[in-house]
Amino acid sequence: MSLADSDDLSIGQRFRRARSRIFEYGTIGLAIQALLVYLFLYIPIIVVVALSFNNSRYAVVWEGFTTEWYRALLAGETVARVNPAAAFNSLLYSIEIAIVTVVVSTVFGTMLAFALDRYEFPGKGLFLGLVYMPIIIPSIVMGISLLLFFNMIGMSLGVHTAMIAHISFGISFVAVVVAARLRSFDRTLEEAAQDLGANELETFRYVTFPAIKPGVIAGSLLAFAMSFDDFVVTFFVIGNENTLPIFFFSMVRQGISPGVNVVATLILVVTMFLVALAQWIEGPTW
Amino acid sequence: MEAQSSVESQEPTMLRRAIRTIRRHRLTGLLVNITPSAFWLTVFFLIPLGVMFYYSFGERGAFGEVLLGAENLGLQQYRLFFAPSDVSIPQAIWWTVAWIVESLLPFEFSLAAGEPTPYVQLTLKSIAYGLVTTATALVVGYPTAYYIGHIAPEEYRNLLLVLIILPFWASYLVRVYAIQLLLSSNSLVTTALGILPFYEAGTSLMNTQFAVFTGLLYIWIPFMILPVYASIEQLDFTLHEAAMDLGADRFEAFRRVIFPLSMPGVVAGSILVFIPSTGAYVIPELLGGTNSQMIGNFIANQFGASGNWPLGAAASFVLMGVMLLSIWIYQRYGEGDLV
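These protein sequence lines map, in sequence, to chains Z and W. Residues 725 to 1010, numbered by the working numbering, are exactly what the first sequence covers, in order. Residues 164 to 502, numbered by the working numbering, are exactly what the second sequence covers, in order.
I should point out that these hints are in silico values taken from the structure, not numbers from a laboratory. It cannot be assumed that every hint is accurate.
Stated by the list, open to error - Across the chosen pairs, the derived CB separations fall in these ranges:
1) Z:737 - W:355: 40 to 46 Å
2) Z:846 - W:260: 39 to 45 Å
3) Z:846 - W:488: 24 to 30 Å
Glycine included, every Cβ here is placed at the ideal spot set by N, Cα and C.
Please model the complete structure; the sequences and the hints are all you need to start from.
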């Protein structure tokens, strides 16, 4: 198309030309759009933290800075229906469950990753499906099916049943992460170690494990985070005990209050600290 | 074999040899490594699902107890779920299809003699929630993923990516609560929205469908951005230039070259957003009112206040069916394995 006949362009051509001109400035548009998405992701979190310092007993409107709620809660006083002793108790249960989950699911999940990485066996495809299922199916289905199972075999509900449930999905998360790491592992290193006289355990201890350690740590951190943060599955299988998410859920249901904001902020700080720790130990993991 | 002459002195070596054979055997390593997890996943995952499946064929007794005897087992819960009473199966299917069509059309229009059961309506509504969340996440997340994966300077890419993942590590419930804080009356957002002509400043947006969508989008949008980013980041953008050299304008080059090549990420992201948002329980429970409940809340209710365990179990398997169907579509039309 020559410049001469630019006067009698058809509507379609004009439209296309205008569109192209808009797309030329697309990079600026995309940058602004990305910025908005980041604001969308972070403003709610920032607002929760800010409101935990809000000098107002009920409203969500900013009325000045105070650390009163923190002082009161840490001193063991009840702030707007939030009982710090109960919160601390549920925190201990959460940590207890998460630690047991991490230990068992890291050992089992790593072994499972080895089995999946190194061996072919009949029905492997189906078995892989079974391994992925706890990650994929809705947690409400998983929680309720476990509730029915414990009910049927007559097992009393409590912290131990929550541990059992968390290990079930923890194994899958660890196995998936470690298997990804194993795929890039050079197995001739193992053969070299064995040629030099190391037995299986020594080979694992000195050659294989150091190589896959970042994957194992990433997997166990993920299992910890999933266990610590899980609400739905735990809610159905823990009976009368409380974990921190369950305690938090019941507080939120009673309404917004400064005490809830403080607990929310403390949960955020603790989880973010764990992530920072993980990044510091192993570099970006997930 | 040869060891028969002096059994006593040979036995340790035989034993050792046997151990060695077992240790060297190809399958030993497999069995040792796979047994604990296989046992755990079978007993504490697969069998519970089986138990639930069994319950879904049961019946509720007059006092809310579960009847699982041979004379009670049957498809009655599924029948109750899918077909209104006294309606044949083809008719129930027609009513359902008609209901979907009617709800998609903007005008009032009566196609069928009746409506599908409230359970089917709730399931379809949950699927619609999932689809709208997925579509919104795609429209909002794709440009961001494109920006991070292609336009942003390379040295900032990892930082930008970490900033997307970071909220995923922050507590799920706290983030849902954060949305609740922002949408409740007189909050930052509801006050700021007062500039809109049709909106009265300070009115609560809580307990609405909008609140549920916002919550779902907020929680799951990183799961759309990450796979799309992974697809775009490894694209060969000389193809984009080639398309433009061959006469395509920027839009055409994107539509015909870049977007199709990023489809694996789009499909993976869509399934990662669709599945958890359709099966959501916490978000509608905290952000939605009585009109914004989803199938997850219905299932939980059947095991709580409403006390109809068999119906709840059947609803769970309907939800599982929706998930498996969407995964099947993914494996059929997407590329590669899940996760």
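Status of each hint after checking the structure:
1. The given range of 40 to 46 Å is respected by residue 737 of chain Z and residue 355 of chain W, whose C-beta atoms sit roughly 42 Å from each other.
2. Distance hint check for residue 846 of chain Z and residue 260 of chain W: the Cβ-Cβ separation is about 42 Å, which falls inside the suggested range of 39 to 45 Å.
3. The hinted window of 24 to 30 Å between residue 846 of chain Z and residue 488 of chain W holds, with their beta carbons roughly 27 Å apart.
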